[in-house]
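If you read the protein sequences in the order shown, they are chains A and B.
Residue numbering for the first sequence follows my numbering, starting at 261 and increasing by one per position.
Residue numbering for the second sequence follows my numbering, starting at 261 and increasing by one per position.
Please note that the accuracy of each hint is not assured.
Pairs count within a copy or across copies, as identical chains cannot be separated in the list.
[Unchecked claim] With a Cα cut of at most 16 Å, we get these calculated EDC-like pairs of lysine to aspartate or glutamate:
#, residue 1, residue 2
1, Lys481, Asp810
2, Lys768, Glu601
3, Lys547, Asp810
Source of the hints: derived by calculation from the structure; they are not laboratory data.
Read off the chains here:
There are 2 protein chains.
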Amino acid sequence: MSAPSDEGLPSRPKEEAGEEKGPSKSALKKAQKDREKAEKLAKRLALEEEQRMKAEASDTAKHLYGPLSGQSARPVKKFCKSLQDLESVAEDEEVTVQARIYNARAQGAKLAFLVLREQEHTIQVVVAEGGAHGISRQMIKYCAGVNTESFVRVTGLVKAPKDPVHSTSLSNQELHLESLYVVSPAEEQLPLQVKDCIKPPSTREEGEGEADTNDPNATLKTRLDNKILATRAPATNAIFQLQSEICTIYSQYMLSHGFTMIQPSYLAGAATEGGSGVFEVTYFERKAYLTQSPQFFKQMAIAGDIGPVFSIGPVFRAENSNTKRHLTEFTGLDYEMPIQEHYHEVLSFGEDLMLHLIRQLLSRPKSKHLTSIIRDAGYPDAGNFQVPPEGTKATRITFQEAKTLLKDSGFDIGTDPHADIDTAQEKALGDLIKQKYNTDFFTIDQYPLSLRPFYTHPSPSNPELSNSYDFFMRGQEIMSGAQRIHELPMLKEMMKAKGVNPVDPGFKDYEEAFRYGCPMHGGGGLGLNRILQFFLGLNNIREATLFPRDPVRLGP
Amino acid sequence: MSAPSDEGLPSRPKEEAGEEKGPSKSALKKAQKDREKAEKLAKRLALEEEQRMKAEASDTAKHLYGPLSGQSARPVKKFCKSLQDLESVAEDEEVTVQARIYNARAQGAKLAFLVLREQEHTIQVVVAEGGAHGISRQMIKYCAGVNTESFVRVTGLVKAPKDPVHSTSLSNQELHLESLYVVSPAEEQLPLQVKDCIKPPSTREEGEGEADTNDPNATLKTRLDNKILATRAPATNAIFQLQSEICTIYSQYMLSHGFTMIQPSYLAGAATEGGSGVFEVTYFERKAYLTQSPQFFKQMAIAGDIGPVFSIGPVFRAENSNTKRHLTEFTGLDYEMPIQEHYHEVLSFGEDLMLHLIRQLLSRPKSKHLTSIIRDAGYPDAGNFQVPPEGTKATRITFQEAKTLLKDSGFDIGTDPHADIDTAQEKALGDLIKQKYNTDFFTIDQYPLSLRPFYTHPSPSNPELSNSYDFFMRGQEIMSGAQRIHELPMLKEMMKAKGVNPVDPGFKDYEEAFRYGCPMHGGGGLGLNRILQFFLGLNNIREATLFPRDPVRLGP
């Protein structure tokens, strides 16, 4: 009789039911062998563990290494705040530093070499058996096994190496280790090696130009996804130190010229600026909007008699453009000032500001040093930026002159004199002006009114033109600016002509600024990230942005 | 036969149909009189217009006044950028200034007096018939009739008045007018008089304490609704100039202590900080959130080896609180630094920073001058701020000491040693500490862990406490800060304990910061607006904010 079938249930396929059949002879043999193998392994591991325990128990150096957390570390005699400070420490002095493990390797059981890294500074650490504190082999093994990128506290004696250590930046010094505590370990598997971020990003990425599949360097995307690791590479780190320098030079220039730093609001009750997109914010029971620029707040400050004003802060653009020079959030260096007689006062001020900024970046010791780190990492244009000599004004051409220059060089500028210059033409213009005037910075004045926002002041001498200007570095726009309309009737007329709806509640506040007397004024908004990008000749604005935001990226 | 009725339409009531009846005799008489009156008036107006036209045609001074726009104004010999610069101009020199009409009155037909205002500076302008340029009576009438708050360009000769003009700040000078052009007129009806904003806001407003119905000063709400006019009042103007001073002193201190200025992002992919509310942003096809602090970005910068960092930027809080010290957007002065051995390094740094800031505000000539303007306007606490003498450290007490102080002074602090100190107790504490230590600035250290956010480092000596601190000015909190957890296992444990969900995509980025080695670090976030508010002793944080945002206010 056959066994009763499991009626109603599908019968199990043979393969799955295999274990229910009696084992074959060869399978039994294999199982026996496996068991023996496992027993052997277990014995070996137990022995090793026993040896390890014994060794540890006899490890006289136990207090000299390990995780810092919960450890009663040796008291620190002299803390060096930076690896660079070691240069001023005398030989044989005991110092403590905190830095990252950049490299760690054992050379036999009695010796190990570490390299510590902090920004662009590196130093070799020698871990040798014995010595005054009795460094053990276990300790050497531990030190050589610390994962790279771990943050450690190292105490040692400063020594001059027999031969300079060419692979480190502090090549005339090394540390002879006395203790090493891991402040914070790095995981063994890193998603990105800092070594692969030393040079500029690979162009392997799609859309990043000619693909070089042999390029070992990490792509920009990988770096942005692993921003914390990527930022540790010296050049990338220096880029953001230099960003701080730009903010500092800018602020100091503005303050020394009588400007007041204001803190605009970044939330507006209405999307007032028209044109490009704004981000909508859920504001309790209603809608608010992220400001696309501090424009209106600067103007209100002028109407409120604060005088010339500047700000440093985020600018939000809800534009779905994925280019190398656009972000949805960037830092604006904005300013606005009263005009006495002519808007060229504002234009000249801005030009002088930019020339000062660039000259400072080229001459301040800290900026020069940072720029050289970036250049040496393989950014050939870093620091190679021409401006007219001190005492000379910036190169300024009118929009029509720019078009003529392009036309004379064979560019098709069409027949409409008010058609804009496109990005490719701007770059070509940068080359033409570099040839003609030997400058990487220039400005274009008197744009057609039709190309500018409604609040731009028309040119009194030609109503088709406007009192407006753009600033360029290496033929790429870094600022738009203009004299603004300060007379309410003209503003209303222009809003009508440009199809801006003045009934919008946001415009009520804006119009207020011109109802009660407003000085003539003008200004502009510099893009911090673009200044940094083009000063250094970086390929992508994301390289000049600590936490870039674009239509697809919202983190880290 | 009766007229056919408008069938289907309601018949009009008699009163409305009244005009269809024949006029009465008396009505006809009245109409005749009205006609005669109107004819007389028209004749008179025509005559006046004729006289005006004649006068204008014969007005030899026509080119010396009027709206600036479209006018070929007289060429400027010497522009004074500020009214204050007039003090260094020699008598009888011709100068041009641009400022507002603060006051204008005719004294008969041949003389008028104007007062020009620019921030806290005022000067008298004498407009007298005749003179070298032949000032006409029409011109005098025009000048006396310019609406107050209009922005004008005035050219005149600098003169010493016979007697000092006590009603103006430049009392030893006056201008003898030669020309006056209106750059931008103010409307005749102003929603707020600048004169009513000279002194602190009235307490008439609901919920603003004891109502004083006789107080002629504008309420805060009126001032905020008409921000541009209110900001023109000297004290209000000086408050925002002083805000710039605070940012300047702060930045300079940070830079001189080796900090790097970073530009965090204000948009996050997830609402990571838990606790208080966040504003949601529509970010293309998904959601983003406005950051509640640059906390995570500062920490990522530290993990990315930027070193000690600081920032100045907006902080967004979607909290529906309508108090005198809360806003939905304020300016954060944030900083974060690596710790070498103990978090008191960070606490001491912050204390020294604040002492430096306050001492500078009390001693820098510009800050002192601005503070005195504010004090003189009726803010008695402005500039009256005690800190320990130079070379002395800040007053620091522990949370438990604070509670004991309160208890000893009769406050009910309850039985739970980890219960927080409330706002009223903090203020009382400020008074107690002022009495005991003669300081308006102090810090409280070692808050119970349960009161702080998940990323706060527990105290190694007492797991119920934390390595955290708050800063106070006049007994009001201006900063929260702490050592942050830098070890991933501890962070995860704390997130679990605090009920924070680590699966949230925002936390993935955050955790990354601690996967690859992170220095011990700590920092804090100072509230710029609160520092300004409490340094000056302002009643409401909105007085210390150029464009305040709260649950009900989104403009101007």
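Hints versus structure:
1. Lys481 with Asp810: Classified as within; 12 Å inside a copy, 39 Å across copies.
2. Lys768 with Glu601: Intra 28 Å, inter 56 Å, cutoff 16 Å: neither.
3. Lys547 with Asp810: The answer is between: 13 Å across copies meets 16 Å, while 22 Å in one copy does not.
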